[in-house]
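Undergrad: Residue numbers (the working numbering), protein chains in the order written: chain A, 12 to 150; chain B, 12 to 150; chain C, 12 to 150; chain D, 12 to 150.
Warning: the hint list may mix true and false statements.
Each pair may be met inside one copy or between any two copies, as identical chains are not told apart.
Result set (SDA-like, lysine to any residue): computed pairs, CA atoms no more than 20 angstroms apart in a straight line [said to hold, decoys possible]:
id: 1; residue 1: Lys92; residue 2: Asp15
id: 2; residue 1: Lys92; residue 2: Arg105
id: 3; residue 1: Lys92; residue 2: Ala109
id: 4; residue 1: Lys139; residue 2: Met49
id: 5; residue 1: Lys89; residue 2: Leu104
id: 6; residue 1: Lys89; residue 2: Ile119
id: 7; residue 1: Lys139; residue 2: His33
id: 8; residue 1: Lys89; residue 2: Ser135
id: 9; residue 1: Lys67; residue 2: Asn48
id: 10; residue 1: Lys139; residue 2: Gly65
id: 11; residue 1: Lys92; residue 2: Glu66
id: 12; residue 1: Lys89; residue 2: Glu59
id: 13; residue 1: Lys47; residue 2: Lys67
id: 14; residue 1: Lys92; residue 2: Thr68
id: 15; residue 1: Lys89; residue 2: Lys139
id: 16; residue 1: Lys47; residue 2: Glu131
id: 17; residue 1: Lys67; residue 2: Gln46
No lab work stands behind these hints: they were computed from the structure.
There are 4 protein chains.
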Amino acid sequence: MMADHETALARLNEELTRPPFHQVLRPRAVDVDIQKNMVTIALEYRDELARTPGEKTFHGGVIAAFADLAGHAAVAIKIGKMAPTIDLRIDYLRPVDASALTAVATLIQAGRSVARVDVEITDSRGRKIALSRGAYSTI
Amino acid sequence: MMADHETALARLNEELTRPPFHQVLRPRAVDVDIQKNMVTIALEYRDELARTPGEKTFHGGVIAAFADLAGHAAVAIKIGKMAPTIDLRIDYLRPVDASALTAVATLIQAGRSVARVDVEITDSRGRKIALSRGAYSTI
Amino acid sequence: MMADHETALARLNEELTRPPFHQVLRPRAVDVDIQKNMVTIALEYRDELARTPGEKTFHGGVIAAFADLAGHAAVAIKIGKMAPTIDLRIDYLRPVDASALTAVATLIQAGRSVARVDVEITDSRGRKIALSRGAYSTI
Amino acid sequence: MMADHETALARLNEELTRPPFHQVLRPRAVDVDIQKNMVTIALEYRDELARTPGEKTFHGGVIAAFADLAGHAAVAIKIGKMAPTIDLRIDYLRPVDASALTAVATLIQAGRSVARVDVEITDSRGRKIALSRGAYSTI
């Protein structure tokens with residue numbers, strides 16, 4: 012049985028608070044679309060996430076971590092448990108200077124042993140900042 | 012002229028303190044091998060880097076960020092400047108339960124427009140935890 | 012000035028015949044959408060492209076080659092020249108048993124030094140067979 | 012029980028002749044190192060493998076296919092069966108102009124569900140042409 016939209020969103024936000032490292036990143040789920048297997052997560056800029064002092068430049072490692080956690084969320088919504096990352100590719104499309112990022116993670120495949128997720132990360136103005144594609148172990 | 016080993020190591024450690032996000036991660040350069048184009052960086056476990064509360068599990072996003080910054084360091088040592096990441100692949104080989112990680116980053120190619128770096132991340136017992144391979148823009 | 016649709020399609024098909032290896036694969040451009048930066052290419056099954064004797068299984072290497080050439084086509088339509096592949100990731104979603112494959116290649120970014128292309132490969136029944144994402148050098 | 016070196020090499024060469032597409036590529040196993048989990052495979056240039064007419068340029072798709080089959084060989088030598096590719100990354104380091112290529116495939120991990128293989132492809136002069144890293148399903 013699938014939980015409805017509000018319940019799924021609340022549960023995802025609760026799960027996002029659990030990993031201690033997420034208290035550094037503070038991701039916030041803003042939408043869960045169960046039909047489309049999509050999850051939308053926001054990440055607000057804070058100075059400790061920057062690459063360059065005094066500029067709203069999200070560090071490349073922060074973007075990678077954001078892509079990774081969004082991918083996990085898209086798998087978890089579908090299969091109801093955490094699936095370890097097998098591998099992850101991140102493409103950095105442009106440098107960031109933004110007060111927030113949004114990741115839209117779409118589950119491409121949920122197989123018996125492997126799931127795949129695509130993530131698109133955009134900035135406050137809607138420009139594509141980064142893409143990721145990952146394989147996750149669903150066994 | 013190449014700086015000697017101690018100078019290169021000291022300079023790398025200074026550069027590693029600059030990005031604000033590195034005050035979260037606190038990476039520490041432990042070796043620079045200019046002949047082999049290799050850089051070795053250590054990352055100590057702290058609770059805020061964990062995936063699971065109460066366990067020395069480095070979050071997958073922390074591992075990705077660690078791979079990314081080690082890759083940057085290997086390029087910077089060679090070309091003397093920061094090269095933006097074009098793309099990065101990370102392979103997660105096993106879950107982590109360790110008090111520290113070590114990344115050895117090897118510059119594979121330093122072309123006029125693209126550099127490539129391989130990173131191997133091991134835990135305190137020398138087991139391979141993750142591998143990464145990245146392309147960096149050297150223009 | 013952009014060539015119109017028919018001219019672009021004819022030119023692409025002419026270019027696809029040029030590489031000697033394409034006489035093995037025999038790809039055929041079926042659509043060029045200049046507005047959307049998309050190219051659609053078909054690949055008919057022939058026994059010499061198989062992985063398993065007597066089955067319409069396209070070899071994984073054939074799928075990789077197909078993804079690569081479709082990616083090149085999407086870049087070439089935009090920038091008017093061949094751009095060498097920097098790197099390419101291919102995700103194999105399911106085994107193939109089909110009389111033909113279709114690749115839809117979408118140019119995601121055409122920067123001064125790097126282009127990115129996503130390719131989706133489907134079989135005769137419209138099922139996703141493979142995805143690829145590549146970085147190409149546009150210098 | 013592990014077959015000895017000559018037997019393993021002969022068996023690999025026999026298996027390499029089986030896929031119909033390999034009659035196009037004609038890969039030839041030249042070494043199997045069971046201790047190091049390494050397989051070495053050669054690929055001779057023939058005109059139908061070229062990208063540019065009249066030049067000994069192996070097509071990028073041929074290089075991708077060569078990397079893929081070398082990866083499969085490294086897994087098969089270890090686990091005794093064919094393991095489907097989950098995903099594959101290929102890095103193209105330089106254009107090729109060579110009468111032959113050599114792929115050295117090293118099994119990095121052979122887990123219960125996933126294997127990983129690194130492949131290094133060099134030309135007749137020993138220069139690195141391409142690298143690949145792949146994940147394979149061992150279930």
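Undergrad: Using 20 angstroms as the alpha carbon limit, work out where Lys67 and Gln46 are close: within a copy, between copies, both or neither.
TA: Result: close neither inside a copy nor across copies, 35 angstroms intra and 33 angstroms inter.
Undergrad: With identical chains treated as interchangeable, where does the CA-CA distance between Lys139 and His33 reach 20 angstroms or less: within a copy, between copies, both, or neither?
TA: Neither: 23 angstroms inside a chain and 25 angstroms across chains, both beyond 20 angstroms.
Undergrad: Regarding Lys139 and Met49, is the shortest C-alpha distance of 20 angstroms or less found within a copy, between copies, in both, or in neither?
TA: Both. Shortest intra-copy (17 angstroms) and inter-copy (18 angstroms) distances satisfy the 20 angstroms Cα cut-off.
Undergrad: Quick one: Lys92 to Arg105, C-alpha cut-off 20 angstroms, is that within a copy, between copies, both, or neither?
TA: between (33 angstroms within a copy, 18 angstroms between copies)
Undergrad: Please sort Lys67 with Asn48 into within, between, both or neither, judging by C-alpha distance up to 20 angstroms.
TA: neither (31 angstroms within a copy, 31 angstroms between copies)
Undergrad: Could you place Lys47 and Glu131 in one of the four classes (within, between, both, neither) given a Cα distance threshold of 20 angstroms?
TA: both (15 angstroms within a copy, 18 angstroms between copies)
Undergrad: Is the C-alpha distance from Lys89 to Ile119 at most 20 angstroms within one copy, between copies, in both cases, or in neither?
TA: For Lys89 and Ile119, only the intra-copy Cα distance (11 angstroms) is at most 20 angstroms; the inter-copy one is 27 angstroms.
Undergrad: Within a copy, between copies, both or neither: where do Lys92 and Thr68 come within 20 angstroms Cα-Cα?
TA: between (33 angstroms within a copy, 18 angstroms between copies)
Undergrad: Treating 20 angstroms as the Cα threshold, decide for Lys89 and Lys139: within, between, both or neither.
TA: between (25 angstroms within a copy, 19 angstroms between copies)
Undergrad: I want to check one pair: Lys92 and Glu66. Are their C-alpha atoms no more than 20 angstroms apart within a copy, between two copies, both, or neither?
TA: Answer is between: at 19 angstroms across copies they meet the 20 angstroms cutoff, but 37 angstroms inside does not.
Undergrad: Treating 20 angstroms as the Cα threshold, decide for Lys139 and Gly65: within, between, both or neither.
TA: neither (23 angstroms within a copy, 36 angstroms between copies)
Undergrad: Regarding Lys47 and Lys67, is the shortest C-alpha distance of 20 angstroms or less found within a copy, between copies, in both, or in neither?
TA: neither (32 angstroms within a copy, 31 angstroms between copies)
Comparing the model with each numbered hint stated earlier shows that hints 3, 7, 8, 9, 10, 12, 13, 17 do not hold.
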